[in-house]
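Chains as they are written, first to last, in the numbering used here: chain P, 1 to 107; chain C, 1 to 117; chain G, 1 to 424; chain Z, 1 to 137.
For the record, the hints were derived by calculation from the structure and aren't laboratory data.
Each hint should be verified, as a subset may be incorrect.
What the hints assert, rightly or not - Simulated pairs of lysine-lysine, DSS-like, Cα-Cα distance not exceeding 25 Å:
hint	chain 1	residue 1	chain 2	residue 2
1	G	Lys-244	C	Lys-95
2	G	Lys-203	C	Lys-93
3	C	Lys-68	C	Lys-40
4	G	Lys-32	G	Lys-9
5	G	Lys-244	G	Lys-32
6	C	Lys-95	C	Lys-68
7	G	Lys-209	G	Lys-244
8	C	Lys-93	G	Lys-9
9	C	Lys-93	C	Lys-68
10	G	Lys-115	G	Lys-32
11	C	Lys-93	G	Lys-209
12	Z	Lys-114	G	Lys-9
13	G	Lys-115	G	Lys-209
14	C	Lys-39	C	Lys-68
15	P	Lys-29	P	Lys-65
Said to hold, decoys possible - Okay, the calculated bits of chain G under chain P, using three or more residues with CB under 8 Å as the criterion:
hint	region
16	54–60
17	73–80
18	86–97
Ideal Cβ positions, reconstructed from N, Cα and C, are used throughout, including at glycine.
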Amino acid sequence: MNIVETARNGATVISLEGILNAAAAPQLKAHLENSDPASPTVIDLTNVEFIDSSGLGALVGFLRKKKTGSGSLKLANLNNRVKRVFEITQAYSLFDVYDDLEAAIGK
Amino acid sequence: MEFRIDTSTGMNIGIAVLPGRIDAANSPLLQQAFPEWLKKTSNLVFDCRQLDLLDSSGLGVIVSCLRKTIERQGDLKLAALSNRVAILFELTKAKRLFSIHPDTGAAIRAFSSENKE
Amino acid sequence: MKSLFIVRKSEHAWICRQFSAEHPLLVTLCNKPFIEFLLDFAILAGADAIRIVSDGQTAPIEAYCGNGSRWGIDISYAHMRPEDDRERIMEKNSRFCSEDRVLIIEGVLFIEHDKHADYRSWLSALPEGGIVDIGSGSLSISGEPTKDMAVPFRPLISIPAIECVNDYFSLSAATLGAGTRYILPGYCNEPDCFIGRNVVIQKGAEIRKPVMIGNNVQIMTGAVIGPATIIGSNVIVDRESTVKGSILLDNTFIGEQLEVDRKIGEGNRLTDPASGATLMMEDPHLMSAIHQPADASGLLRQLVHSLAATALVLLLALPWLALRMLPAGRSNRNIIIERYPLLFRVIRGSMRLIGSRGKDRKNSETPDMHIRQAKPSVFGYAEAEQWPETDSDALIVDHYYTRHASPLKDIGLAIKALINPKTF
Amino acid sequence: MLTATLRAELANIRIAANLARSSAEVFANTHGFTGNIAEFAHAFELSVSEAFTNAVRYGDPSNADAVVHISIESGPGSITITVKDNNPPFDPAPPTPEIQGYPEGGFGLFIIGKLMDEVKCEHEGGGNTLAMTKHIG
Numbered sequence: 001m002n003i004v005e006t007a008r009n010g011a012t013v014i015s016l017e018g019i020l021n022a023a024a025a026p027q028l029k030a031h032l033e034n035s036d037p038a039s040p041t042v043i044d045l046t047n048v049e050f051i052d053s054s055g056l057g058a059l060v061g062f063l064r065k066k067k068t069g070s071g072s073l074k075l076a077n078l079n080n081r082v083k084r085v086f087e088i089t090q091a092y093s094l095f096d097v098y099d100d101l102e103a104a105i106g107k
Numbered sequence: 001m002e003f004r005i006d007t008s009t010g011m012n013i014g015i016a017v018l019p020g021r022i023d024a025a026n027s028p029l030l031q032q033a034f035p036e037w038l039k040k041t042s043n044l045v046f047d048c049r050q051l052d053l054l055d056s057s058g059l060g061v062i063v064s065c066l067r068k069t070i071e072r073q074g075d076l077k078l079a080a081l082s083n084r085v086a087i088l089f090e091l092t093k094a095k096r097l098f099s100i101h102p103d104t105g106a107a108i109r110a111f112s113s114e115n116k117e
Numbered sequence: 001m002k003s004l005f006i007v008r009k010s011e012h013a014w015i016c017r018q019f020s021a022e023h024p025l026l027v028t029l030c031n032k033p034f035i036e037f038l039l040d041f042a043i044l045a046g047a048d049a050i051r052i053v054s055d056g057q058t059a060p061i062e063a064y065c066g067n068g069s070r071w072g073i074d075i076s077y078a079h080m081r082p083e084d085d086r087e088r089i090m091e092k093n094s095r096f097c098s099e100d101r102v103l104i105i106e107g108v109l110f111i112e113h114d115k116h117a118d119y120r121s122w123l124s125a126l127p128e129g130g131i132v133d134i135g136s137g138s139l140s141i142s143g144e145p146t147k148d149m150a151v152p153f154r155p156l157i158s159i160p161a162i163e164c165v166n167d168y169f170s171l172s173a174a175t176l177g178a179g180t181r182y183i184l185p186g187y188c189n190e191p192d193c194f195i196g197r198n199v200v201i202q203k204g205a206e207i208r209k210p211v212m213i214g215n216n217v218q219i220m221t222g223a224v225i226g227p228a229t230i231i232g233s234n235v236i237v238d239r240e241s242t243v244k245g246s247i248l249l250d251n252t253f254i255g256e257q258l259e260v261d262r263k264i265g266e267g268n269r270l271t272d273p274a275s276g277a278t279l280m281m282e283d284p285h286l287m288s289a290i291h292q293p294a295d296a297s298g299l300l301r302q303l304v305h306s307l308a309a310t311a312l313v314l315l316l317a318l319p320w321l322a323l324r325m326l327p328a329g330r331s332n333r334n335i336i337i338e339r340y341p342l343l344f345r346v347i348r349g350s351m352r353l354i355g356s357r358g359k360d361r362k363n364s365e366t367p368d369m370h371i372r373q374a375k376p377s378v379f380g381y382a383e384a385e386q387w388p389e390t391d392s393d394a395l396i397v398d399h400y401y402t403r404h405a406s407p408l409k410d411i412g413l414a415i416k417a418l419i420n421p422k423t424f
Numbered sequence: 001m002l003t004a005t006l007r008a009e010l011a012n013i014r015i016a017a018n019l020a021r022s023s024a025e026v027f028a029n030t031h032g033f034t035g036n037i038a039e040f041a042h043a044f045e046l047s048v049s050e051a052f053t054n055a056v057r058y059g060d061p062s063n064a065d066a067v068v069h070i071s072i073e074s075g076p077g078s079i080t081i082t083v084k085d086n087n088p089p090f091d092p093a094p095p096t097p098e099i100q101g102y103p104e105g106g107f108g109l110f111i112i113g114k115l116m117d118e119v120k121c122e123h124e125g126g127g128n129t130l131a132m133t134k135h136i137g
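Isolated chain P (complex conformation) (with noise of 0.2 Å):
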């Protein structure tokens, strides 16, 4: 699992790549961890080839973080097999899911 962050318009962009299982989890959770919990943060989804629910845990728990800390989170270009698992478990109802990064990050 490759994890990219880089600063853009002020926000932060995670861009995931690889495969988010139980055995990548810890090194994204660790990830997630040292990010600033105000800043609005936006998480590219583009190249994840495959989440289960410990990486969908992880994503959640960071959401959660961010909601204390008042930061925004929002996630960006979910392809099908990501946003099946976010449909089985309803997890879209929590996530601002955006279809462009671009628009995600905003002007």
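Given chain P's structure and the hints, the job is docking chains C, G and Z onto it.
For chains C, G and Z alone, kept in the frame of chain P given last:
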């Protein structure tokens, strides 16, 4: 099942208040009680305002009550049917057999106006 | 042009309560899922890509519509939050919406349209903004008009609100009456008469136009269907019943000698759209409670099965071992040897010797509690009775015996199973 | 029938999931499956990933030799993938996780239940056997 005689119109009209549900469990009670009522008068009204659930056995008993009243040259009128019970009467065509009134008052008045004719 | 359908769970809540369809947009109007009418209109309006955005499940619609290849368009799906407004939704779907005109259909509404009308040129000249807003839903367009010319004519379009079951009822009736304006399913040999596949109309039954009948429908002797009646799929109207001015949705049974007038039927539920009152039809042939065998008989049956299984275990221990040892023996193994290990489970009580083989267990939606609760078994009833081995027949036999099970019958069947030449 | 025995460690989750996906793909291709094959295979990939994760997570971390057995069995109209571990019994019917409470876990069996046509859970010989089946046609 409560039963009383109303003489306000100068006629003996028997009014029976039917319970909340009439099904296979309690329809025999109605069937047993009815001949007793019929001895007192052959003009009857079934007040159905509490009646919410009626199954085919209950409906069968009510139709047999009607048949017995007609044999004695009387009539059995129904009053205050709930929407749900009204659908059942419509569905089974039993609606055509009975004269149906919005409340017991209207049913009693219908008896007296029929009497004048 | 593109089109965005915004589907909010809260706006469809009453439809979900009223109908048992998997998704409110899959409730049928004139035998056609509601969403297809919206798709038809969007396509007539020139949309080549449609995105369905919802704050609820989209999987049922996706399962039905797929990627849109059936209509020759692209259909995609996206999620939103319940509190998102139209601007926010456009922003979240900005890749889909950018640089193009987008027709936005929001909420619960039906667009009365005409398949022969030219909505394309009309819409392309309309200025950006709302077209109609009726409270329960709205139609609007975003993006600059693609041409400036005055519209030659204004095509027929009107949008009735659908806010209660009576609205749905009258809309269905109106749609059937205006059949030639819409694309409706079924064979249409003559106007106002749409009939699906595998429809049996028995001698003496009468069909009065306008009428629409779905697939796998049986109309028994003396029944009268119509006028102004819509019947879904898998429906039976039993003998001498009348159905007029009504809608019978899928899987409805109407018993004998009934009169259904201006009602909506679904399963065993009948609704009067005018008052909203509902009635459960508990027909003696289909719905009456099935007699539950007493516990004592259950214990006795368990004993019968365990004893028979113990006898078989002892009897077959040697041949089974012998066949396990010899690989050559495997080819002509017979049923009882194959299922030998299962016999121990019968003794333990977790299986029955004779019973339902449980081929239908995957369908846990079956309403038949008895079949679901029945224990799995080593031999099927059908096998015991040497019934033909086709699956559907065997299933019927299994159902029959599960319902009529008794210790005495079990003994009889156990003997039958054991003298069956296929067993040994 | 195809069987594989993998050491119960995080790195093997992917291997198990890939095995499940490719088996499901082959099955769908060779048994006349008419639906979306990618989706069908993904259902198994995800389910086995969840099942294997549970097997690793609830196992004894001090036991370096703990293994998970995977077996794949296909019939004419169905494919069953079984994941067997040596862990203490778990509750086969967990409550549906309440998403509004932002749970970070507990979705595993729920997801499997949603994706599969049939899920059978047994505790035998000191382990859990989770058999996941999908039917076609």
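Hint check:
A hinted pair counts as satisfied when its Cα atoms are at most 25 Å apart, and Lys-244/G with Lys-95/C qualifies at roughly 17 Å. For the proposed pair Lys-203/G and Lys-93/C, the alpha carbon gap of about 23 Å is at most 25 Å, so the pair holds. For the suggested pair Lys-68/C and Lys-40/C, the alpha carbons sit about 13 Å apart, so the restraint of at most 25 Å is met. Of the supplied pair hints, the one linking Lys-32/G and Lys-9/G holds, its CA atoms being roughly 21 Å apart against a limit of 25 Å.
About 20 Å separates the Cα atoms of Lys-244/G and Lys-32/G, which keeps this hinted pair within 25 Å; it holds. Annotation: proposed proximity of Lys-95/C to Lys-68/C holds, straight-line Cα distance about 17 Å (limit 25 Å). Of the supplied pair hints, the one linking Lys-209/G and Lys-244/G holds, its CA atoms being roughly 10 Å apart against a limit of 25 Å. As the CA atoms of Lys-93/C and Lys-9/G are separated by approximately 40 Å, the hinted pair breaks the 25 Å bound.
For the suggested pair Lys-93/C and Lys-68/C, the alpha carbons sit about 19 Å apart, so the restraint of at most 25 Å is met. Under the criterion of a C-alpha separation no larger than 25 Å, the hint pairing Lys-115/G with Lys-32/G is consistent with the structure, at around 15 Å. The straight-line distance between the Cα atoms of Lys-93/C and Lys-209/G is roughly 23 Å, inside the 25 Å bound, and the hint therefore holds. Between Lys-114/Z and Lys-9/G, the direct Cα distance comes to roughly 21 Å. Compliance with the 25 Å bound is thereby established for this hinted pair.
A hinted pair counts as satisfied when its Cα atoms are at most 25 Å apart, and Lys-115/G with Lys-209/G qualifies at roughly 22 Å. For the suggested pair Lys-39/C and Lys-68/C, the alpha carbons sit about 11 Å apart, so the restraint of at most 25 Å is met. For a cut-off of 25 Å, the pair hint linking Lys-29/P to Lys-65/P stands: about 11 Å separates their Cα positions. Counting residues of the region 54–60 of chain G whose beta-carbon sits less than 8 Å from any beta-carbon of chain P gives 4, enough to reach three: the coverage restraint holds.
Taking a C-beta to C-beta cut-off of 8 Å, the region 73–80 of chain G contributes 4 residues in contact with chain P, enough for the three needed, and the coverage statement holds. Restraint check on the region 86–97 of chain G versus chain P: 6 residues with Cβ-Cβ distances below 8 Å, three needed, restraint holds.
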